[in-house]
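Starting from the known structure of chain L, fit chain W onto it as the hints suggest.
Chains as they are written, first to last, in numbering that gives the first Met the number 0: chain L, 0 to 414; chain W, 0 to 288.
Do not rely on the hints blindly, as some may be mistaken.
[Unchecked claim] Not close to chain L: a few residues of chain W, all C-beta gaps over 10 Å, as computed:
#, residue
1, Ala56
2, Arg59
3, Thr80
4, Asp149
5, Ile214
6, Gly234
7, Gln254
[Stated by the list, open to error] Listed next, with one range per pair, are the computed distances between beta-carbon atoms:
#, chain 1, residue 1, chain 2, residue 2, range
8, W, Ile214, L, Ala101, 25 to 33 Å
9, L, Glu241, W, Arg94, 39 to 47 Å
10, L, Leu309, W, Phe25, 50 to 58 Å
11, W, Arg206, L, Gln250, 32 to 40 Å
12, L, Gln250, W, Asp179, 58 to 66 Å
13, L, Gly258, W, Val102, 51 to 59 Å
14, W, Gly47, L, Ala101, 40 to 48 Å
15, L, Ala221, W, Thr269, 43 to 51 Å
16, W, Gly47, L, Gly258, 56 to 64 Å
[Said to hold, decoys possible] Pairs of lysine to any residue residues, derived as SDA-like cross-links and limited to a Cα-Cα distance of at most 25 Å, are as follows:
#, chain 1, residue 1, chain 2, residue 2
17, W, Lys222, W, Val274
18, W, Lys184, W, Leu84
19, L, Lys175, L, Leu158
20, L, Lys175, W, Ala199
21, L, Lys175, W, Leu84
22, L, Lys327, L, Gln357
23, L, Lys175, W, Ala141
24, L, Lys175, W, Arg147
25, W, Lys285, W, Ala199
26, L, Lys175, L, Glu227
27, L, Lys128, L, Glu227
28, W, Lys285, W, Pro207
29, W, Lys285, W, Val273
30, L, Lys356, L, Ile346
31, L, Lys175, W, Asn143
32, L, Lys356, L, Ser39
33, W, Lys184, W, Glu96
34, L, Lys175, W, Leu126
35, L, Lys175, W, Trp144
36, L, Lys175, W, Leu40
37, W, Lys222, W, Glu96
38, L, Lys128, W, Gln38
39, L, Lys356, L, Pro294
40, L, Lys175, W, Trp43
Because the hints were derived from the structure by calculation, they are not lab data. In this text, all values refer to a predicted model and were calculated from it rather than measured experimentally. Built from N, CA and C at the ideal position, the CB exists for glycine as well.
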Amino acid sequence: MKDMVKSCCAAAGLAVVSWLPFGGNAAKATELEVMHWLTSGGESASLGVVRRAYQDQGGGWRDAPVPGGSAARAAAVNRILGGNPPPVFLFSLGTQLTELSAHGLVTPVPGAGPEWDRVLPPLLARSAKYDGQYRGAPLNIHGENWMFYNASLLQQAGLAVPRTWAEFLDAATRLKAMGIIPIALGGQPWQERLLFNAVVLGVGGRDFYRQIYEERDPAALASATMLEAFRVFAALRPFVDEGSPGRRWNQATAMLIRGDAAFQFMGDWAKGDIKAAGLEPGVEIGCALAPAPEPAYIMVVDAFAFTQPLDEATAQAQARFVSVMMDKDVQAGLNQAKGSIPVRTDIPDDGFDTCAKQAMVLIRDPATTLASTGMGLPGGMAGALDDAISHFWNDPRMTPEQGRDLLRRSILAFR
Amino acid sequence: MKASHRAPAIALLPAGLITFVCFYLFIAWTFAISLTGSQLLPSWDFVGLLQYQRLFASARWWTALGNMVVYGALFITGCLTLGYLLAILIDRGVRAEGLYRTVFMLPLSMSFIVTGIIWQWMLNPGLGIQQAVRGLGWEEFAFNWLVRADRSIYTVALAGIWQQSGLCMALFLAGLRGVDPNIWKAARIDGIPTWRVYAAIITPMLRPVFFTASILLFSLVVKSFDLVVALTGGGPGFSSDLPARFVMEHILNRQELGLGAAGACMMLATIIAVVGPYLYAEIRQKKGA
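Isolated chain L, as found in the complex (with noise of 0.2 Å):
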């Protein structure tokens, strides 16, 4: 919510800087400007590869970060409509960067080109294309579906990672006897739609998770087998403890880390809080995907998107970024750093945590690769969709068909 206020304030900021004549536009024809909000330990890491090898061949770089995701992209949509484009700006992949494309605004990521169809999961391939050419450049890979869970609780009850949600209730029915918290949960609406997404995945397989998100099937929507995906989840209610609303994801994660709760589904950005703490993900800090009858990982991806270039010097400075960014050493370098996986495919995974080495081997799979909803689903409706989600959550009256109800008709309403 602070970040919220923050962005609010950037975007009101930003829009009265961009109104003025020569606001910012002073950087030198040969530094590339570019805006990401990529500022905390692991992230910036990340970036610092690309920006490293990106120097080493003689560019000129001008970081501008802006703190949160949402507050970043409005500041580039802002100087965009203000007349003064950054060259290179990190976006993420899906229908705001397909509106963007529409009004002209972002070209074609230059040098993207056939290799690119072939080395990028499919589904990534298809999220980054915008009327057959690429509008973005894809810098990451993060996967949602994880279940981490703090491998000495589980030893201590004599539980076995679970493998489908009916092993899981039973086994946070005996952690919860035990006197640990099941899970550690964050309670904002992203949090709990990521555990939600988890269930309907483990409920209802990855096609059922297609009918859903993709093509949006009213009768999929209405199914019994939704229904138990709403049973599911408001059997998980008691497995979380009180102080869960409004509790950020790193201090749920910090929870499994103290040894205080057992499970925490989150996405691999977790990694990274694991790492801090001395922990080596995988082994202190188990990682398997949230149970599910078959392999599927719920990708989210970064990616740069780029404008008209005003000149030739920036024109070659992009060029030269994409080049820089999708080289494989590169990609191999920055994932490693932020916790992500490489968006190519043909990339070795020497190096990667155990976590992601897996994952790795999954997205070679087009059958695997789901895109999460807030990739796949247009602004207003993944927002509807949380809204459904976190509602029926955290009001316990609400019984599982209401809660197929209201997701229903928030998805439809914004068909």
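Structure of chain W alone, referenced to chain L:
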């Protein structure tokens, strides 16, 4: 036009122009946008009342609107009652009146954001009041409204009343001090008990103060945004959401400019519907008097 009339007119022109452009023109623009399919960027593809249909189909919008009614009723009556009582108590001549006045006015010097964060700490079941009382030995004590979907809006009202009743107290105190001392003398001679003087004589006399305070508080209710953002973040779920937050979120974070604009227009309509008749009645009465 006479020269003596022209100068003030010219002086007022810039202010009038700014008001017209920044206020009425932008209201018109917002309304126009609410009729389009605008998402991330404004576009002029008119879709009729589609955004309003979406708005009315949204469970969250109705929750937000319902919350505004609950919050507004509790907040306005709470502030008026508490503020009036405090003003009367101070007016009865307590010792160290200046100290009390300052203490009650202090919360007002804080922004809603700060108030929200303070109360978030106090109401957090793991940190604040609940934990403190349990620490004293009442292990079963529960005060977890902040994290209960069916109670969270009351915590917003609580924090709002805490902050704004000082303002009402100041307004009422000024009103009470303006009461003619002869009225008190007359009442004493007639042997009327004090509470009756307040109930039957003073309160009706303070009607304009009640009017001013209500309008001030009502405007705070409609635009309240920061308090909810800081205190509950609209949650749990969207159980404590308010229309202003709904609008801001859809415009800034969800790239639904059209839908946000439709929400803003409905907010304006609500204000006009509530304040309009009240204002009209008050002004007419004044003219009649």
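Review point. Holds or violated: are the alpha carbons of Lys175/L and Ala141/W at most 25 Å from each other?
Key: holds (20 Å)
Review point. Hey, does Arg59/W actually stay past 10 Å from chain L on C-beta?
Key: violated (5 Å)
**Study point:** Lys175/L paired with Leu158/L [C-alpha distance capped at 25 Å]
**Key:** holds (13 Å)
Exercise for review: Quick one: work out the minimum CB distance from Ala56/W to chain L and report holds if it exceeds 10 Å, violated otherwise.
Suggested key: violated (5 Å)
Practice item. Please work out if Lys175/L and Arg147/W have their alpha carbons no farther apart than 25 Å. Key: holds (21 Å)
Review point. Do the beta carbons of Leu309/L and Phe25/W sit within 50 to 58 Å of each other?
Key: violated (32 Å)
**Study point:** Hint consistency between Lys175/L and Trp144/W [alpha-carbon to alpha-carbon, up to 25 Å]
**Key:** Given pair Lys175/L, Trp144/W holds - Cα atoms ~24 Å apart, limit 25 Å.
Review point. Are the Cα positions of Lys175/L and Leu84/W separated by 25 Å at most?
Key: Distance of about 49 Å is beyond 25 Å: violated.
Point to revise | Cβ separation of Glu241/L and Arg94/W, checked against the hinted range 39 to 47 Å | key: holds (44 Å)
**Study point:** Pair hint Lys285/W and Pro207/W, alpha-carbon separation not exceeding 25 Å
**Key:** holds (10 Å)
Exercise for review: Starting from the hint 56 to 64 Å, judge whether the C-beta atoms of Gly47/W and Gly258/L obey it.
Suggested key: holds (58 Å)
Review point. Going straight from one Cα to the other, do Lys175/L and Leu40/W come out at no more than 25 Å?
Key: Distance of about 49 Å is beyond 25 Å: violated.
Taken one by one, the earlier hints fail for this structure at numbers 1, 2, 4, 6, 7, 8, 10, 11, 13, 14, 15, 20, 21, 27, 36, 37 and 40, listed in ascending order.
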